[in-house]
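Visitor: Each chain, written out:
2 protein chains.
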Amino acid sequence: MERRPLAGQESTQRRPVERVGELALLARIRARVTAAGSSPSVRLGIGDDCALVSVKPGEEVAVTTDFSIAGRHFEIAWHPPEAIGQRVLARGLSDLAAMGARPLAAFLSLGLPKELAGSSKPRSAKSPAGTSWIDRFYDGLLALAAEFHTPLAGGDLAESPIAAADIVLLGAVPAGKALLRSGARPGDAIYVTGSLGGAAAGLEILRELARVRKGSRAGGANTRGNMKETLYRHLYPQPRVKQGLWLAKRGFAAAAIDLSDGLSTDLAHLCDESGVAAEVDGGALPVTAGATLEQAIHGGEDYELLFTARPNTHLPRKIAGVAVTRIGQVVKRSAKQPIVTLITAEGRQALEAQGWEHFA
Amino acid sequence: MERRPLAGQESTQRRPVERVGELALLARIRARVTAAGSSPSVRLGIGDDCALVSVKPGEEVAVTTDFSIAGRHFEIAWHPPEAIGQRVLARGLSDLAAMGARPLAAFLSLGLPKELAGSSKPRSAKSPAGTSWIDRFYDGLLALAAEFHTPLAGGDLAESPIAAADIVLLGAVPAGKALLRSGARPGDAIYVTGSLGGAAAGLEILRELARVRKGSRAGGANTRGNMKETLYRHLYPQPRVKQGLWLAKRGFAAAAIDLSDGLSTDLAHLCDESGVAAEVDGGALPVTAGATLEQAIHGGEDYELLFTARPNTHLPRKIAGVAVTRIGQVVKRSAKQPIVTLITAEGRQALEAQGWEHFA
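Protein chains in written order, with the numbering used here: chain A, 1123 to 1482; chain B, 1123 to 1482.
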């Protein structure tokens, strides 16, 4: 992976930024996307009233939209612009991963204050992109898009008092083969990919770095070792697209969801849609090094996959290079029992959904 | 069409509004959408990581996103919430119309301040919707969605310091049959559907009404006759979906775009994509009663279709009940001539694009 900036390690040099209109911005984005090459699934990209996307016979189109708003989902003062761009796209790709869908195209509606939309001079004669906030935002988004062969096929640009980005992802999945939240049955085993809690731990470090910078305290946070890893987990999440495709292709997963709001919240969603309950073995949870059990259970934005499989399914230890861990089982739903029960050495306890809820 | 509120005619009675969380809001929207009935093109709607949409063999998927932001595209203080809902969806449907695409599904990412997301009591035991701002916004959006058989299949909800709505539309069009901006050739005749300038004239009335209310001046604006019509054109635009489908099916249009930014701007876009220039006959423009020629030329948001046809194409006077008017012709592009020339009794003049441009 390309070396990307960590928070607090950005250059403090400011280059002169000039303001440009929407049409010039659009032309620059279009030039960057065109330079990235064509895609067989996008017959017509940026520049018309709609983009045209094609699917293969027998495929359905999976569609997801995710809204990221400054002050809610990211902080202009905390997050490097590249990280915001990557995080915005990762949210959408992760939803495709949870359906077992192959990415077809991304669309971005972006609202920005004037000062973030300003352009700077191109880096070189060959590159249409400069080094202003919006250029660096697209750097992050387009780098992840390239990694997952997901062309940016359209969107909208608008001036806005706050930064707001709505990402739309289209994916393709053979009809009837999509991984749904509603497929879990009592007796299924529950699995997660990768490890949990890293993004929440990274967010804590980011908050601490912001406090340190604000208070002008000497030194600054230690971002070595595990802390650096968790910070990366937060800033540059990796959606599990390959793992979702692998599961859907083989029909190994009975139900799936991505962990965007946190295990306690997302597992409850899966149980609600399937009409079941779940027991989680606290000791089995793959906690990211540097994160706490609490962060692994309630922290969001890990973008791992949570899925269930019938008891007789034999899963490998790794799927497409990422570890898979059995963390519990699906049980019958009953009024007497919580939707999700956490089992630890201290006994059984109800696991209340503690993920983020807007307007709450 | 259902009777909908005009600005300044809303009830001033305020019912108690209670705050609800995102999940309760989502459940209510899902109940409303479910009550509207199922669609053959949406195999899976709200409630999973993605929606699943299917197209017929040989069809391509047309995709458009349009971002509407409070203070830029609408004003909470001026626009009835139903009108904001209808306008948000009309923008997206109009883009499908301009491609000649059949609407498949809509997705809405909505960011709202807490006070607009509050719920009120349901109107009746049968209806899950109340009379709060967000309920009335969805009233407008879902009414237009029903009119155009466009199910709301997903989206996102987030708390936001300002109201912002990103609408995503998916449509289907037989492969190779979409109406593109790039198909115009010198010699083509240029047509518009309906009439122009009404939405801009209506916006002027709305501004005047707002000034009157703000200044507490007696009386208020006259909204009878033409003025009422233009106000409706602004508040409750009707996308030309049927007309676009009619043109695409018969292969009558060589190039098309919808008039969202205004004739002077959108015709220039079409010319740019086709590598041509255009001459507009000012005397031929179908100006909406109550609007000025200036508003017909530069005013946006009429959501009529602008299209070109080869000179030997014989078009009827009306398409699906809406008048079609020849307004000019496509000519060769040359450095000596403006991209769009307006021809009036006073002679020829360059028509500069004067539509809205963000960040300008």
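Read the hints as simulated data drawn from the structure, not as lab findings. Treat the hints with caution; some may be incorrect.
Repeated chains share a single entry, so a pair holds when one copy, or any two copies, can fit it.
[As the list claims (entries may be wrong)] Calculated cross-link-like contacts (lysine-lysine; reagent style DSS-like; alpha-carbon spacing at most 25 Å):
| # | residue 1 | residue 2 |
| --- | --- | --- |
| 1 | 1440 | 1371 |
| 2 | 1336 | 1299 |
| 3 | 1336 | 1458 |
| 4 | 1299 | 1440 |
| 5 | 1371 | 1178 |
| 6 | 1178 | 1364 |
| 7 | 1458 | 1364 |
| 8 | 1440 | 1458 |
| 9 | 1336 | 1364 |
Visitor: Next, verify each hint and record whether it holds.
Guide: Now for the hints, and whether the structure bears them out:
Only within a single protomer do residue 1440 and residue 1371 lie at most 25 Å apart by alpha-carbon distance; the minimum there is 16 Å, versus 50 Å between protomers. Proximity of residue 1336 to residue 1299 under the C-alpha cut-off of 25 Å is found in neither arrangement, the shortest distances being 50 Å within a copy and 57 Å between copies. Taking the shortest alpha-carbon separations for residue 1336 and residue 1458, neither the intra-copy value of 49 Å nor the inter-copy value of 58 Å comes in at or below 25 Å. Proximity of residue 1299 to residue 1440 under the C-alpha cut-off of 25 Å is restricted to the intra-copy arrangement: shortest distance 22 Å within a copy versus 45 Å between copies.
Taking the shortest alpha-carbon separations for residue 1371 and residue 1178, both the intra-copy value of 15 Å and the inter-copy value of 23 Å come in at or below 25 Å. Proximity of residue 1178 and residue 1364 under a CA criterion of 25 Å is satisfied intra-copy only: 19 Å inside one chain copy versus 27 Å between copies. In this homomeric assembly, residue 1458 and residue 1364 never come within 25 Å of each other (Cα to Cα): the closest approach is 39 Å inside a single copy and 54 Å across copies. Within a single copy, residue 1440 and residue 1458 get their C-alpha atoms no closer than 36 Å, and across copies no closer than 65 Å, so neither meets the 25 Å cut-off.
For the identical chains of this complex, residue 1336 and residue 1364 are neighbours neither inside a copy (40 Å) nor across copies (57 Å), given an alpha-carbon limit of 25 Å.
When the structure is compared with the earlier hints, violations turn up for hints 2, 3, 7, 8, 9 and for no others.
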